[in-house]
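Asker: Single-letter residue listing:
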Amino acid sequence: QQQVKQSPQSLIVQKGGISIINCAYENTAFDYFPWYQQFPGKGPALLIAIRPDVSEKKEGRFTISFNKSAKQFSLHIMDSQPGDSATYFCAASTTGNQFYFGTGTSLTVIP
Amino acid sequence: EAGVAQSPRYKIIEKRQSVAFWCNPISGHATLYWYQQILGQGPKLLIQFQNNGVVDDSQLPKDRFSAERLKGVDSTLKIQPAKLEDSAVYLCASSLFHTGIYEQYFGPGTRLTVT
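Chain order of the listed sequences is F and C.
Okay, so the first sequence: first residue is 1 according to the working numbering, each after it adds one.
Okay, so the second sequence: first residue is 112 according to the working numbering, each after it adds one.
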C-alpha cells in the first residue's frame with residue numbers, strides 16, 4: 001500500500017515557468033512533510049519541509065502548500081531554472097519515524 | 112561538516128551470494144536509517160536505529176537482510192543470500208533527532224547489481 005501518492009511522474013517546464021508537484025496521504029498521524037531533491041548518482045537532499053499546523057511555507061523559489069483537510073500537499077518551484085532539473089520526492093513521517101516516500105517526479109527545465 | 116559516508120559505492124554479485132554495506136553517519140547524529148531505492152522508485156525504509164537500538168524494522172526482509180549499529184555509530188547492512196530483486200541503491204541517512212528536528216542527511220548510496 002502506497003502511503004504517499006505523488007504526481008506527475010514526469011514534468012517538463014520552460015525556464016522561468018512554475019513547476020508544481022502534488023502529493024496525497026491517508027495517515028492523519030503524519031506530522032512532518034519534507035520534499036527532497038535528488039540528482040543522478042547522489043542521495044536525496046532535503047529541500048523544504050512543513051508541519052500540518054501551517055498552510056504554506058516558502059524558502060526562496062520553493063514553496064510548500066499544505067491542505068490538511070484534503071490530506072494533500074504540493075511543491076511549487078517558481079522561476080524554474082535548468083539547474084532545478086532533478087527528481088523530486090515528497091515524504092511523510094510521524095515524529096521523525098517511519099518515513100514514507102512518494103514515487104518521485106522527474107523534472108526537466110528547458111532553457 | 113563531513114557528510115554521511117557509505118562504502119562500497121558499487122557492488123556486483125551473483126544471486127545467492129552475500130554482500131555487506133557500511134555506513135558512517137554524521138558525527139553526533141543519534142538516528143540512522145537504511146533505505147532501499149529501486150530504479151524509478153522512491154526510497155523505502157528498511158530499518159531505523161536510535162543510537163544502537165532498533166526503532167523500526169517492519170519493512171526489513173528478515174529472512175535475508177540483517178543490520179547492526181556498532182556502539183551507536185557505524186552501521187552495516189547485510190544481505191544473505193541475495194536475490195535478483197535486491198538490485199537497487201542502498202541509501203544510508205542520519206539525523207540529529209532532537210524533538211522537532213527530523214532533517215535527514217543522505218549518503219551517496221551503494222548501487223547493488225545482482226546477476
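Just to be clear, a hint being listed does not mean it is correct.
Claimed, not checked - Keeping only pairs whose Cα atoms sit at most 27 angstroms apart, straight-line, the calculated BS3-like set for lysine-lysine is:
id	chain 1	residue 1	chain 2	residue 2
1	F	Lys-68	C	Lys-122
2	F	Lys-42	C	Lys-126
3	C	Lys-122	F	Lys-5
4	F	Lys-68	C	Lys-155
5	C	Lys-155	F	Lys-57
6	C	Lys-182	C	Lys-126
7	C	Lys-122	F	Lys-42
8	F	Lys-68	F	Lys-42
9	C	Lys-182	F	Lys-5
10	F	Lys-71	C	Lys-155
11	F	Lys-5	C	Lys-155
Keep in mind the hints are simulated off the structure, nothing from the lab.
Asker: What are the numbers of the hints the structure violates, in ascending order?
Answerer: Hints 1, 3, 6, 8, 9 are the ones this structure does not satisfy, whereas the remaining hints hold.
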